[in-house]
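There are 2 protein chains.
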Amino acid sequence: MASPDLAPVFDHIEANRSVFLDRLIAYLRHPSISAENIGIAEVGALLVEMLTEIGLETSLVPTTGHPMVVARWEKAPGKPTVLLYGHYDVQPPDPLDKWVSPPFEPTIRDGRLYARGVGDNKGQHFAQILAIESHLRVHGELPCNVILLLEGEEEIGSPRIAGFVRANQELLKADLAVTADGPRHASGAPTIKFGSRGVVSFDLRCRHASRDVHSGNFGGVVPNPIWTLVHLLATMKNEAGEITIAGLHDDVEPPTAEDIEAIERLPLDLEGFKQGLGLKRLDAPADRPFYDRLCFQPTLTINGFHGGYGGPGTKTVLPNEALVKCDIRLVEAQDPQDILDKVRAHVEKHAPEVEFIVEETGMQPSKTQIASRYTAPLRRAFVAAHGEEPLLIPAGFGSLPNYVFTKILGIPAYVTPYANHDEANHAPNENMTLDCFQSGIRTGAALLHELGQLKREG
Amino acid sequence: MASPDLAPVFDHIEANRSVFLDRLIAYLRHPSISAENIGIAEVGALLVEMLTEIGLETSLVPTTGHPMVVARWEKAPGKPTVLLYGHYDVQPPDPLDKWVSPPFEPTIRDGRLYARGVGDNKGQHFAQILAIESHLRVHGELPCNVILLLEGEEEIGSPRIAGFVRANQELLKADLAVTADGPRHASGAPTIKFGSRGVVSFDLRCRHASRDVHSGNFGGVVPNPIWTLVHLLATMKNEAGEITIAGLHDDVEPPTAEDIEAIERLPLDLEGFKQGLGLKRLDAPADRPFYDRLCFQPTLTINGFHGGYGGPGTKTVLPNEALVKCDIRLVEAQDPQDILDKVRAHVEKHAPEVEFIVEETGMQPSKTQIASRYTAPLRRAFVAAHGEEPLLIPAGFGSLPNYVFTKILGIPAYVTPYANHDEANHAPNENMTLDCFQSGIRTGAALLHELGQLKREG
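Protein sequences, first through last, are from chains A and B. Counted the way the UniProt record's numbering counts, the first sequence spans residues 1 to 458. Counted the way the UniProt record's numbering counts, the second sequence spans residues 1 to 458.
If you are wondering where the hints come from, they were derived from the structure by calculation, not from laboratory data. Since the structure is predicted, the reported quantities are computational estimates derived from the model, not experimental observations. Incorrect hints may have been included.
Since the list gives no way to pick out one identical chain from another, each pair is judged satisfied if it fits inside one copy or across any two copies.
What the hints assert, rightly or not - Heads up, simulated BS3-like pairs for lysine-lysine below, C-alpha to C-alpha not over 27 Å straight-line:
#: 1; residue 1: 455; residue 2: 173
#: 2; residue 1: 280; residue 2: 455
#: 3; residue 1: 79; residue 2: 173
#: 4; residue 1: 98; residue 2: 315
#: 5; residue 1: 280; residue 2: 342
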């Protein structure tokens, strides 16, 4: 049962169900594709207008890329300040022909709203905005202090968020960060994530001869770059699935007792998972627990391998160059630059003729302890909004720029996904269930309420 | 100095230098592209007319594919019969824009004739035809018996030659086979080859999930087909360059003393070879002699490896399928089916989830002993035509269907390449030097003369 302060806010949210949905639909009609610089300026301006009207002190902060929207309400002295992060840019909608309804004509079917960006991330940060608005409409004030940070470049890898946060630490001074992004757990249960894996990407390129040659006339004397790369890769990860690059695991922090308890509680329908992807087996090593792999282990994924002939029939060519693209997912407390240095040293040792190419600096992992101060109020907020305890996931599987909060601002950071697990983000027919949107607004409202029960620390 | 019988034939060839060249040019103007079935029927008919007019008993023998041209002169009882093999089909001329002069408009530049098929193989078998014609014009007869077999499907892998030879063993009964095809040794010296490597091709295909997935959300639990193939390949050939498939070397015949002596005599400009291909090193193993690798060792070449993302930048995808294409060059006395069985057993043992795909039956290796009966007359023919001893190459590097002579007809088979080493066969600007064409006719004439000095065996 909601407290006296929260109940009328929930009532307001319920009473405005269709109005809020209409406003979300209107918001989704505006494309804001960062990769193609389509609609970014328009949606940035629209947000400034919307947030100012709600009663937040709002500014559009220019960067060398797309601008940041920063909105604040800080009239609750002695109460914690929560930094709510989201992003107003969306993925390109290609392939268009796979969409049942056009990506920027939001359409409701079977209790879901279909549109590009509805789950990732407009529907989620709009729920946060409506939660703020509902508190202000009902009570004329917020229970705690809020800084809302919406970036416009998340879908192109957040290249400027770290620099922006580093340069604006005073402006963004907060006690915790909360990101509503990504899907809930596959079981459908509400979810809190305490971290995200980092990532680095690199290419391995090998070229021997100056041109392709005939495998009969030259096979045995001319070296083959595909073999060179195969043998190099085989030294980087063994058949048992263990990464064998020297020092790569040096900084891996083992899971805490709370972490292990949390993943043991996570629902797991392994047969359903395998069936859904048509898998006959999981990746090696066979004996490692499912969630342990996703939360606490770095991975070395070959994203692509291309060289020589790939068409029908046979072509007895000995190719002269080949390219491998890889990524490594990092766990706390691996450092992207340190890991890249170790991979580079490994390549130089085992195959100095292979070119090691890095184009991006990568993203740091992030981890907040389950035993941190704001876990309990977050859990209470979920219980208030959903009527059930959220699942606790110690480390998100994919990568989010949460490290800017944990490592640059030095505050705990939580991810509270509002979207359904099958939101199809980055894919055609992206969607969010109407229930998820509604419960997202409630969760956002409950979160502000619960934080308002605390005193600012220190 | 040529013998009394051969000298007037050489004179005739010299006197007709420009006439013969013009006739070659006329022949080359007719495309005969087996892969596209262009001009095959026309050139087949043209050959029948030409060979009949010269005085050979000629027929166009239909097959389920392109017809065989068989022409014979067998009026020298007690003398050996030589089966002269060649092919009247040519490679497609693509890419057309890389040709300095159009492929079917033969053009002379700097002492070379440029046209598709001039080296591979029209210029070479036409030299054999002119050698026969010259003997007949000068002496009214040939010094030995001749069967000329010209196929029209060599450039699409000679799919019917074995069946044809097997079904026509009486028709093709001969004492030796001689093929004028391919380039001379890179040093420019005249060359006799005593064998050719065989070849088998196969694909390795691996598919795990039913779709690509995100490396962050699924990395660690969903298996990666590229890793599966990398680890499988690493069990098939080690970093030292040794093929490690069980039993693969079982049937490899070690080189004879004559073989080793022959390769030790072959000129080798290793620095020039590496420079020409921009190579920093030869293929492993570093200590194996250059010609030993090309003549006596099987090879396992990865022709292509394709899976996942290969474009610019990064894409953190965990791909769901990948394909590897390979060929194995076989040496005497490896059998294609036996080798494919061994590779299949290896794949089934090490990676049963990888699909092993074979579309073609492959080609057997072929080897004739250097110490065989016709080596001496062939060497004398080269000395007569060129004024220098030919190089003896125990086994050709690439694959030719010579096994149909050695293994089906059971006769020794020799390859006497007439084309310059830089003939650019299968490539734009295919060419043959005018000198090579002329010395080819002389070699063909001298060969018939030398064989005429022998009695038919048995």
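**Q.** Hint numbers not upheld by this structure, sorted from lowest to highest
**A.** 2
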